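Student: Here is how the chains run, residue by residue.
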Amino acid sequence: MATVELRDLAKSFGAAAAVDRVSLNVPSGAFVTLLGPSGCGKTTTLRAIAGLVEPDSGAILLGGEDVTRAPIHRRDIGMVFQSHALFPHMTVAANVGFGLRMRGIGGADRDARVREALALVRLEAFGDRFPAQLSGGQQQRVALARALVIRPRVLLLDEPFGALDRKLREAMQQELRELTRRLGATAIFVTHDQEEAMILSDSVAVMNAGRIEQVDDPAGVFERPRTRFVADFMGMGNVLAVEAGATGSMRHGGIELRADADAAAPPRHVAIRAERVALRPATGAPPEPNAAEGTLLDAVYHGSLTTGRVRLDAAPSTTMLVREASATQDAAGWRVGARVRLSWTASAVRMLED
Amino acid sequence: MTALHRLVVALVAAFILAPIVVVVAVSLTDSPIPEFPPRGLTLRWYAHALSEDVFTTSALNSLWLATIATALATPLALAAAYGLVRGRFRGRDAIQTLLLAPLVVPSLVIGLAILLAFSGMGVRDVGARLVGAHVLITFPYMVRTILASLARLDPAVEEVARTLGASALRCFVLVTLPLVRPGVVAGMLFAFIVSFDNVSLSLFLTNARTNTLPIAILNYVEYNFDPSVAAISTMLVAFSLGAALLVERLVGLRRVVGG
Chain A
1 MATVELRDLA KSFGAAAAVD RVSLNVPSGA FVTLLGPSGC GKTTTLRAIA GLVEPDSGAI
61 LLGGEDVTRA PIHRRDIGMV FQSHALFPHM TVAANVGFGL RMRGIGGADR DARVREALAL
121 VRLEAFGDRF PAQLSGGQQQ RVALARALVI RPRVLLLDEP FGALDRKLRE AMQQELRELT
181 RRLGATAIFV THDQEEAMIL SDSVAVMNAG RIEQVDDPAG VFERPRTRFV ADFMGMGNVL
241 AVEAGATGSM RHGGIELRAD ADAAAPPRHV AIRAERVALR PATGAPPEPN AAEGTLLDAV
301 YHGSLTTGRV RLDAAPSTTM LVREASATQD AAGWRVGARV RLSWTASAVR MLED
Chain B
1 MTALHRLVVA LVAAFILAPI VVVVAVSLTD SPIPEFPPRG LTLRWYAHAL SEDVFTTSAL
61 NSLWLATIAT ALATPLALAA AYGLVRGRFR GRDAIQTLLL APLVVPSLVI GLAILLAFSG
121 MGVRDVGARL VGAHVLITFP YMVRTILASL ARLDPAVEEV ARTLGASALR CFVLVTLPLV
181 RPGVVAGMLF AFIVSFDNVS LSLFLTNART NTLPIAILNY VEYNFDPSVA AISTMLVAFS
241 LGAALLVERL VGLRRVVGG
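Heads up: the protein sequence lines correspond to chains A and B, in order. Letter by letter, the first sequence follows residues 1 to 354 of the numbering used here. Letter by letter, the second sequence follows residues 1 to 259 of the numbering used here.
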């Protein structure tokens with residue numbers, strides 16, 4: 001499969017910029033996810049690669065070839081939509097064979113490749129059925145086989161599992177991951193679900209307002225967000241406004257924060273992941289860096305984790321989120337209304353760009 | 001279904017069907033004037049109607065006219081409906097309303113307007129005038145039914161065909177057209193019936209030598225009062241019913257008319 005390169009891609013609808021100078025390099029065989037809230041431009045970017053949207057400026061290269069102005073049907077891409085978009089008037093086999101038929105591949109050759117593609121998604125026995133006779137997961141697997149059978153230069157997936165229930169979605173994610181790795185397929189996946197993005201991807205591009213804010217491996221965007229938006233979107237839990245304090249430290253209200261890295265410029269915000277905050281009963285000990293006392297406002301049980309909101313004495317307008325494993329939490333500290341002490345390590349403090 | 005429901009359905013059906021039953025009964029009467037209940041039983045009014053040149057030639061005219069008008073309106077309506085559903089352009093809603101205008105404007109007004117327009121343009125041939133007018137009057141019905149079919153078609157289905165290597169034309173022929181076929185067939189059926197039944201437009205555009213069946217019937221009852229008109233009407237009902245049954249067999253009428 002081929003590399004994909006986007007150079008300063010831009011597209012406006014009326015006055016609104018949907019995609020604002022997006023550049024991205026996808027190596028051959030890589031699985032890259034465009035992650036962001038609805039309206040961030042991720043789908044428009046994907047559709048521009050497919051040729052379904054004509055960019056205002058910039059370039060799209062597939063395997064080094066400039067396809068920016070190439071017609072949709074000459075791009076050799078495989079696309080999977082959320083609404084599986086199977087041809088309802090054709091059998092499963094005819095659906096999968098459609099792309100081959102468009103390429104003038106017929107007869108035994110086509111039949112063999114259709115069988116092979118259906119075997120990839122474990123639907124060999126379903127070739128004679130019609131799409132309406134399949135379950136949601138099976139329909140989406142047919143759509144995947146239909147996209148893969150033409151051996152596309154790149155596989156484009158637009159929230160393909162958005163309509164499936166959670167359990168089925170997880171099974172499909174697993175299957176897609178194994179399939180693309182086995183075939184060495186270059187894939188670009190669009191989703192608003194950060195967990196899905198991390199499970200599937202070699203690399204995640206977080207998008208906001210038409211721009212890519214950060215491209216990194218899953219752990220990178222999760223643990224080390226660079227901007228406020230990424231920190232917020234990846235569910236850090238706590239994004240605090242800070243001022244420069246004494247040498248090398250920062251202050252949020254009356255709380256002193258220390259990070260284990262140096263920023264070029266003093267940051268205006270830091271993020272602290274809620275899971276990396278520890279909650280203990282209050283001690284009344286004097287204030288120290290990276291710790292604060294307050295009152296537990298409430299605790300929400302999610303199953304394996306519990307999330308608490310704590311109002312801080314030293315910054316009363318701030319509520320900090322703290323998340324701990326339900327099984328190991330300190331029972332005394334987690335009583336609603338209790339006086340508690342929060343603490344975190346310097347490595348948990350992420351300095352953010354604006 | 002409760003007993004009350006059944007009663008209401010039966011009454012509505014009776015209300016709709018009663019006039020047709022009367023016409024069929026009258027067509028079989030063995031008296032020289034239309035009589036209900038019929039006296040005796042005979043098919044001679046059918047024979048009489050079929051032997052009248054005014055009926056047979058005008059019926060052939062009407063068949064030809066409806067066929068040609070439908071054949072011409074179909075591609076026009078397909079193109080218009082496709083543009084309205086898939087296109088993104090200024091004034092789309094206005095154009096859609098305008099295209100459906102012949103449904104709302106009284107057809108006598110349209111008939112007069114067409115007569116004046118054709119005279120102004122120097123179109124003298126009665127056949128050409130009728131075809132032009134009937135394309136105009138059938139077109140909105142077809143646009144309507146095709147629009148309804150297209151609106152239910154997920155654009156992603158066409159997009160996926162394009163990405164798989166289908167040119168715009170092949171995508172339309174292999175994917176779009178088969179999927180909107182019920183709407184197209186329903187539109188053609190409506191168009192055919194609208195054209196075949198039309199009186200108000202044809203009234204302005206026919207002459208003594210070239211006539212359509214509804215106009216011929218109208219002229220006939222002005223001077224004659226015998227049950228052969230009922231016989232003609234019965235044949236028309238049978239013809240429409242046959243067409244509807246044919247569509248039902250081919251594509252399923254319920255799919256065409258309803259959801």
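Think of the hints as simulated: they come from the structure by calculation, not from any bench. None of these values were measured; they are calculated from a predicted model. A virtual CB, placed ideally from N, CA and C, is assigned to each residue, including glycine. Check before you lean on any hint, since a few could be wrong.
On the chain B side, residues computed to face chain A include the following (Cβ under 8 Å) [to be verified]: (1) D154; (2) A161; (3) P178.
Student: Looking back at the hints listed earlier, which ones does the structure fail to meet?
Tutor: none
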